[in-house]
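At position 169 of the sequence shown (counting the first as 1) the number is 395 in the numbering used here, and the numbers step up by one without a gap.
Heads up, a few of these hints could be off.
[Stated by the list, open to error] In the PhoX-like style, the derived pairs of lysine-lysine whose C-alpha atoms are separated by at most 25 Å in a straight line are:
| id | residue 1 | residue 2 |
| --- | --- | --- |
| 1 | K321 | K447 |
| 2 | K405 | K354 |
| 3 | K321 | K231 |
| 4 | K447 | K433 |
Read the hints as simulated data drawn from the structure, not as lab findings.
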Amino acid sequence: MNTLKLQLQKMDLYLLGISGLLVLIGLLMIYSTTFASGSRSELLPRQLISLAVGLAALFALSLFHYRTLQRLSVAVYILAAASLAGVLAIGRVVKGSTRWFDLGVAQFQPVEFTKLALIIFLAAFFSKHLSRITELRYFLFSLVVAAVPIGLTLMQPDLGSALVLGCIWFSLLIASGTKRRYVVILLLLAMIGTMVSWSMFLPDYQKNRIESFFNPGSDPKGSGYNAIQSITAVGSGGLLGRGFARGVVSQLRFLPERQTDFIFASLAEELGLLGALLLLGLLLLWYIRMLRVVRESQDNFGYFLSLGIFAYLFFQSCVNIGMNIGLLPITGIPLPLVSYGGSSLLASLAAIGILQSVHIRAQLTRFV
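Based on the sequences and whatever the hints tell you, model everything.
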């Protein structure tokens, strides 16, 4: 009991508090974009249920020694890859994408947990073979390990999540100290792969989204509609916003997926530039606390594990906000802890729990 109490006392309360504020902002915006519009919605109650489960996972993983994940890394990775393959076979098709298992009472999106699984496996791999990571065979093995879930995710198709998975692998690869020429060759292959994917594999609607990113006005009622409405919502908020639950673009449903992919645009319209800056400030503090955990990690596995989680949450946030303000193409990806979505919320809270585990063990080592 004393050990449990000591572990709880060693938690990073700043990281926990900032995470709580982000979740609270998300709940308020989900309420604003659904209940406050006068429509009956089950989204907020569902998000609250996911939050309860996610908090339980967070605290359980905080008390769970993170090094146990190293022994489970292969099983976790295989399970994640199998779930991605399974969702392609029997998953539910929504708006042309096969991303969810329909469990009746809930839907499960395996790619959100695959991000964590890839981090765990790569952290175990790089920490075990760190002294030999400059050898070509280890570089290629890590590439194949990342390519499997990325390829399966692109087949759904889910370009945004595939980009995040790629960023996770690339971040850990660079941190491992791999040879520069491998990185140069990789970038060249990525350019070739992008051209091949564009001409042979990328669905037309995703091509249209990317093309409309450069010129949304070319198809304002089609592929450019989402980008135009998102930018309009952000711009119409002004300095102080239209007021909570008083948005026009979001409340009148001109803005699609306003509680998920475009929740940042909804917030900017209702709470203005100041509200958007407040959210961005919280996210910045969130990342700083994560990097503190990375810096204080006590072993290579803890270092790669915490760095991978930082890369996952950082890049996913950047992609989401970037597409909301017109800096990136529309890819359809949630803002961690803020957007509606049970799978995303659970995965993000689980990631924070793992970070807490790394932090607690570092603090206990110093305490002893």
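Each hint tested on the structure:
1. K321 with K447: 17 Å, holds
2. K405 with K354: Holds - the C-alpha atoms of K354 and K405 are around 17 Å apart, at most 25 Å.
3. K321 with K231: 48 Å, violated
4. K447 with K433: 16 Å, holds
Violated hints amount to a single one, hint 3; each of the other numbered hints is respected by the structure.
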